[in-house]
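Take the sequence shown: its position 241, counted from the start at 1, is 503 in our numbering, and no numbers get skipped.
Take these hints with a grain of salt, some might be off.
Unchecked claim - Distance windows between CB atoms, simulated: (1) VAL364 to PHE535: 13 to 23 Å; (2) GLY543 to PHE393: 20 to 30 Å; (3) TYR547 to VAL330: 17 to 27 Å.
To be verified - 25 Å max Cα-Cα, derived SDA-like pairs, lysine to any residue: (4) LYS469 to ALA480; (5) LYS469 to GLY482; (6) LYS469 to GLN541; (7) LYS469 to VAL484; (8) LYS469 to ALA436.
To be clear, the hints were calculated from the coordinates, so they are not data collected in a lab.
Think of the CB as a built atom: it goes at the ideal place given N, C-alpha and C, for glycine as much as any other residue.
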Amino acid sequence: MPTGPRLDRPVLTGRSRNGGIWSRASGGAALWTRSDWGLVVAALGLSLIGALLVWSATRHQSGSAYLVRHLFNTVLGVALAAVVTRTGYQLLRAMAPLLYLVSVAGLVLVLTPVGSTVNGSHSWILLPGGFSVQPSEFAKVALCLGLAIILGERIDRQAQPGRRDLLAAVLVAAVPIGLVMLQPDLGSALVLGALAFGVLAVGGTPKRYLAAAAALVAAGVVVALSTPVLSAYQRDRLTAFANPQADPQGIGYQTRQVRIAIGSGGWQGQGLFEGHQTQGGFIPYQQTDFVFSVAGEELGFLGAAGLLLLLGFVVLRAVLVAARAQDAFGRLMASGVAVWFLFQVFENVGMNLGITPVTGLPLPFLSYGGSSMFACWLAVGLVNNAHLAARRR
């Protein structure tokens, strides 16, 4: 047998190199084939319908500017979801603490002079080119990861979370909630609180602790409403819920016009770009807080109900992924996304219908806003990542 340097090792031919490349490519293709396409297509459909609704609400004043930005945000959001999906499951777990700390740093930064005030809330960081970032939106993603990593390891060891674990989880939730309330942004704080409550419940927290947490949240809301924590503008929005006539030329006018728009839609609506209230520009900030009123007026009850079914489908997919997750981290992470979307949809649609206070929360995927769109698509990426990990099991 011939001998010599490296002759006892297999030779890497061009064919085998091509095979390696093909193997990696086919592995990537398999990754996308196994993805939860029902979740992705539903979220994409909502984003594109949202583009039409935003365009209808803004074209009489801004032409196609908001439409183009909404579509750009959607494309970038899908790209972010793809990156999260492509990230290895174990790497995502390892990065969870770092991502949480980065999110908290963003919430701290917005409270400095770097942050800007919009509608009575110091929640934004303005960027060059007319862009802006709202760190509280990304805090929702980070909290899903932070709570999942804290509670998941104990559950995977077949043990219920102890007091120390629960205390750590409460602290992890309390930090971003407290920072968001300092802005102040009651709507985002409520979403974070509901998200934390849902993850703690799924994680097996005893009922007495859940009751105490609910009481703590209720006490926080009472304090926010009865003290100068909220700005005058935000208190007026909440007051208008209980008494729409309290500010007839301000927020009371806005909520009244929203109800008129939805009520005039009937079963089939007045037609896209044909709504009297929408096309007349009677509803301020309709493309953000009140985009659902565009659907109610122009698409009617059937169209608005279809959107709710599609949103419900996204929540249901997250619940199913949570139920099938390979470990507690995936289950808690997907559960957090499901609770987040469910609560935010309920609050946004409720304030359009007049059954919940106006808190300024956007409707996931549909409302105009880059930070909200990016956060929602990042959440889709998290759920899809957990779905793929379960499929590889």
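Going through the hints against the structure:
At about 41 Å, the beta-carbon gap between VAL364 and PHE535 misses the expected band of 13 to 23 Å. For the pair GLY543 and PHE393, the supplied restraint of 20 to 30 Å holds, since their beta-carbon distance comes to about 24 Å. Against the hinted window of 17 to 27 Å, the Cβ-Cβ separation of TYR547 and VAL330 comes to about 19 Å, which satisfies the hint. This hinted pair checks out: LYS469 and ALA480 have alpha carbons roughly 16 Å apart, not beyond 25 Å.
A threshold of 25 Å between alpha carbons decides the hint, and for LYS469 with GLY482 the separation of about 20 Å falls inside it, so the pair holds. In summary, the hint linking LYS469 to GLN541 is not supported, as the alpha carbons are separated by about 49 Å, beyond the 25 Å threshold. A distance of roughly 23 Å separates the Cα atoms of LYS469 and VAL484; the hinted pair therefore holds under the 25 Å criterion. Our distance criterion of 25 Å between C-alpha atoms is met by LYS469 and ALA436, whose separation comes to about 19 Å.
Of the numbered hints stated above, those contradicted by the structure are hints 1, 6, listed in ascending order.
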